[in-house]
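K.L.:
So you can see what is in the structure, the chains are spelled out below.
There are 4 protein chains.
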Amino acid sequence: MCKQMDKLVIGGIELDSRLFIGTGKFPNKKVIPNVIKSSKAKVITMALRRVDLNSKEENILDYIPKDCILLPNTSGARNAEEAVRIARLAKAMGCGNWIKIEVISDNKYLLPDNFETIKATEILAKEGFIVLPYMSPDLMAAKSLVSAGAAAVMPLGAPIGTNKGLQTRELIRILIDEIDLPIIVDAGIGKPSHAAEAMEIGAAAVLVNTAIATAGDPVKMGKAFSLSVKAGRMAYISKFGPEKNYAQASSPLTGFLNM
Amino acid sequence: MCKQMDKLVIGGIELDSRLFIGTGKFPNKKVIPNVIKSSKAKVITMALRRVDLNSKEENILDYIPKDCILLPNTSGARNAEEAVRIARLAKAMGCGNWIKIEVISDNKYLLPDNFETIKATEILAKEGFIVLPYMSPDLMAAKSLVSAGAAAVMPLGAPIGTNKGLQTRELIRILIDEIDLPIIVDAGIGKPSHAAEAMEIGAAAVLVNTAIATAGDPVKMGKAFSLSVKAGRMAYISKFGPEKNYAQASSPLTGFLNM
Amino acid sequence: MCKQMDKLVIGGIELDSRLFIGTGKFPNKKVIPNVIKSSKAKVITMALRRVDLNSKEENILDYIPKDCILLPNTSGARNAEEAVRIARLAKAMGCGNWIKIEVISDNKYLLPDNFETIKATEILAKEGFIVLPYMSPDLMAAKSLVSAGAAAVMPLGAPIGTNKGLQTRELIRILIDEIDLPIIVDAGIGKPSHAAEAMEIGAAAVLVNTAIATAGDPVKMGKAFSLSVKAGRMAYISKFGPEKNYAQASSPLTGFLNM
Amino acid sequence: MCKQMDKLVIGGIELDSRLFIGTGKFPNKKVIPNVIKSSKAKVITMALRRVDLNSKEENILDYIPKDCILLPNTSGARNAEEAVRIARLAKAMGCGNWIKIEVISDNKYLLPDNFETIKATEILAKEGFIVLPYMSPDLMAAKSLVSAGAAAVMPLGAPIGTNKGLQTRELIRILIDEIDLPIIVDAGIGKPSHAAEAMEIGAAAVLVNTAIATAGDPVKMGKAFSLSVKAGRMAYISKFGPEKNYAQASSPLTGFLNM
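Protein chains in written order, with the working numbering: chain H, 1495 to 1753; chain A, 1495 to 1753; chain R, 1495 to 1753; chain P, 1495 to 1753.
No lab work stands behind these hints, which were simulated from the structure alone.
What you are looking at is a predicted structure, and each value in this text was computed from that prediction instead of being measured.
Worth double-checking, as some hints may not be accurate.
[Unchecked claim] Covered stretches of chain P (in silico footprint by chain A; criterion: 3 or more residues with CB under 8 angstroms from a CB of chain A, positions within the stretch not fixed):
1. 1570-1584
2. 1596-1606
3. 1632-1639
[As the list claims (entries may be wrong)] Some but not every residue of chain R turned toward chain H, in silico, with C-beta under 10 angstroms:
4. K1501
5. G1505
6. S1511
7. N1553
8. V1597
9. I1598
10. P1606
11. I1612
12. E1616
13. I1617
14. D1632
15. S1638
16. S1641
17. T1656
18. T1662
19. E1664
In this text, a Cβ means the ideal position worked out from N, Cα and C, and glycines have one as well.
Just need the whole structure built from these sequences, with the hints factored in.
P.N.:
Printed below as a string of structure tokens:
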């Protein structure tokens, strides 16, 4: 396969990197530019609340390089209407027209509301937003997101911040099989091996935040995720040999000394 | 951590790469040099039988760059005595003093004989070999391999050639915790995510053969494994944040629109 | 806990058995009464299509003992409206007022449409049906089912007929934690150990069909599931000791012979 | 299959129950007779140290019904010689000729020493003991135990007392496939679903101690294990339908309302 052919295209934009990162939970915002560099992420998500252009205090945008794509998220929204308002506000504040929809009213597991998310997606896609909805993996909801005009679908691997990995593996695999949009695994990815696994089963990208932000060394962890995402994608393209129940010798077994 | 400090040292030699590869099962030997390049592997294992210096036919050694460390293996040996004879033959043929002990008399699962492996390790270590024994993961056998003079311990993740991944995860984790030698996971690793996982739990290196040799594109798959091994090691050094049962918001949740 | 207190109550009816079974896929309908006996199931689901009171051919109802609760399902329905029509038809045909809602328009994985399922649930609950909706495990959809008047929630463990077990374990665990209705795991359960696991994490019941119907000996397999469901429930009530990372001796370790 | 044909025979004795239990870790020994009753276990293991016929204090044997088979274990033995001494002492003290060999010198994970275990097995089998060796699952060591005269082989699922379940599933499966003796999974089984799984893959029996002894209600938990072991065995005999990647309808899907 020609290298050029493996670009991920979302909203008409070619992305070099299949690792998206978030900006929450870092012990110190100053580390964010270094994480963006080490992780080679080009799409960076942030809660709009942290974007305060009039504040005298530091603004999260100060830490994001100009060549990155901003992916403001609607965290804090409890229904479609609030998500729509936050999205419009983001655009008005100059954050561009990409938006990650998060509609959450469950405070314990932070699980998204698929129904409200579909509604918000429909409204915002019509307004010209590039909509990336965070969702609970469910085939029929994903089909509705396609109809609603989503640019990609972002199913969760496990609840936000748990670092539990691909607990919803089987449902995500079905989305990848059936949905004709990029599937970006968001939430739950706690280790590079989880990210590699998502890519190996055919995810288009992954979004990682907590696992990098709460690592002992976030900059190095950002690089680790970058490498594992590449590895997983490359392996997916290379195609795997079969899994077997019995052993297969790599080396000749018998008769060597008797020759 | 200083980059220099994370070198893997075996038999007094500093290794740049924590991915070891095998040379069996490739559809075409000509691809091997390219796989060695793409995978950046520096330690290459081959069955001694394939090393025939007098043969007019092609020799596996012709495909291995001079700056690699040869790790001839004793595959075909059914007991310690045969393994010892093969090792000595390898040295006499100019393959150096590294030897991977494989003693196998089970033809269905190709599982190693720990007891005979310990015996062969003891004899060969005394003769000055750098001995890397392939073993069934078992703490007490690993302790015996340490006493016998092994340079590293190579537990299997799953039977050879099955691509099933770290089926013996729990036993390997215990070896890593208790054994004061590099633990190199050998056999069973079928995907880059498996290799990353081995490194994340603290393995010193992995050996991969079937997964690369039987991939659709072995050269690209070699590179994928190289990246995932680096990713897993880097993450291990960076230290992971905790796994949690409940969600933790990356982004602020409430009151945003009410401010 | 007093034995009486552990009854499962649905729609005001006390159920002795936490194993529900289905009647599809049996090689021979004549085996069904024996399976009902061996499994001690009291709630039996059947596709309404198989219930044809006017048919000269055999009718599935002929095989279900009178003391069982019939749980006709709406399989074949592609939207809420069709499900509602089938439910009313079932009642009119004398199948009682219990109904399992299945709304499926995905022919490959047979995954349910949560949104249409919620709509049908709301309509039928208002009409006095005891509604048990089959659903893709999703917390917010489950909350909507509660509001819509469902009598229980039936999340899938894996796609129908796959025998893959609790692939959605983490999402089901959250439903059990957060939803104040019986959670009945439906679909995907392939082995008694899967059923036991569902009960151990707190499911109220399980529905099993394919695993029994396609077993070598369906009658014996029915009994096996019956035992494992009881075992899992009993263990859940007994409360588990903790899982540990290091060993804990059951027997005294040292000094025995030196006393 | 005729019910009679499924008896487990060890040392020439037909056993009605495939659940063996241990007597360590109970908060109160008085509960042991009730656990034996509820679990229907017929083979009961105890550390010889607890068997003190001359003691004025209570003796573990006082709590074991006469119709049970005593399986004294050699816990505390650090090598073959100590295990042999304890076994002979057990016989001399009237505990019969069954012996469970435990040779452990690792205090953190309590993992057995396969090599010393084989040695002890050989000596004791020749003396007429019915030897049940506890071992780290390893095919070649299991073959040696067969040659040494073991009556069964007892591989661990996970370290003693961890309740982690069948972490060594793949290796145990291979023992079941290749070894012509009853395979009894010992250690690590923490839940009835784990026990059922062991039986489903073909184990002949399981030994459970910690999971019962540390449960909130040990008597009820004993019964739960009894049921799950029966369930798993029954399912194994009934034979499973296949696992599938795509859904298979249990109920007819289309055209129902259009008929």
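K.L.:
Now tell me if each hint is right for this structure.
P.N.:
Evaluation of the provided hints:
1. Closer than 8 angstroms: that is the beta-carbon criterion, and the stretch 1570-1584 of chain P has 0 residues meeting it against chain A, so the requirement of 3 is violated.
2. Closer than 8 angstroms: that is the beta-carbon criterion, and the stretch 1596-1606 of chain P has 6 residues meeting it against chain A, so the requirement of 3 holds.
3. Only residues whose C-beta sits within less than 8 angstroms of a C-beta in chain A count toward coverage, and the stretch 1632-1639 of chain P has 5 of them, enough to reach three; the restraint holds.
4. At its closest, the beta carbon of K1501/R sits 29 angstroms from a beta carbon of chain H; the interface hint therefore is violated under the 10 angstroms criterion.
5. Checking G1505/R against chain H: minimum C-beta separation of about 26 angstroms lies over 10 angstroms; hint violated.
6. A hinted interface residue such as S1511/R counts as satisfied when its beta carbon comes closer than 10 angstroms to some beta carbon of chain H; here the least separation is about 28 angstroms, so the hint is violated.
7. The beta carbon of N1553/R is not positioned within 10 angstroms of any beta carbon in chain H (closest approach about 32 angstroms), and the interface hint is therefore violated.
8. Taken as an interface hint, V1597/R checks out: its beta carbon lies about 9 angstroms from the nearest beta carbon of chain H, inside 10 angstroms.
9. Of the supplied interface hints, the one on I1598/R holds, with its beta-carbon coming within about 9 angstroms of a beta-carbon of chain H, less than 10 angstroms.
10. Given hint, P1606/R at the interface with chain H, holds; its Cβ is 7 angstroms from that chain's nearest Cβ, closer than 10 angstroms.
11. Proximity of I1612/R to chain H holds as hinted, the smallest CB-CB distance being about 8 angstroms (cut-off 10 angstroms).
12. Checking E1616/R against chain H: minimum C-beta separation of about 13 angstroms lies over 10 angstroms; hint violated.
13. Using the Cβ-Cβ criterion of 10 angstroms, the hint placing I1617/R at the interface with chain H is not satisfied: the shortest such distance is roughly 17 angstroms.
14. Here the hint on D1632/R is kept, as its CB sits about 4 angstroms from the closest CB of chain H, short of 10 angstroms.
15. A hinted interface residue such as S1638/R counts as satisfied when its beta carbon comes closer than 10 angstroms to some beta carbon of chain H; here the least separation is about 7 angstroms, so the hint holds.
16. Among the interface hints, the one on S1641/R is violated; its C-beta lies about 12 angstroms from the nearest C-beta in chain H, farther than the 10 angstroms criterion.
17. At a threshold of 10 angstroms, the smallest CB-CB gap from T1656/R to chain H is about 9 angstroms, leaving the interface hint in force.
18. The beta carbon of T1662/R comes within 7 angstroms of a beta carbon in chain H, closer than 10 angstroms, and the hint placing it at the interface holds.
19. The criterion of a C-beta within 10 angstroms of any C-beta in chain H is met by E1664/R, whose closest approach is roughly 4 angstroms, and the hint holds.
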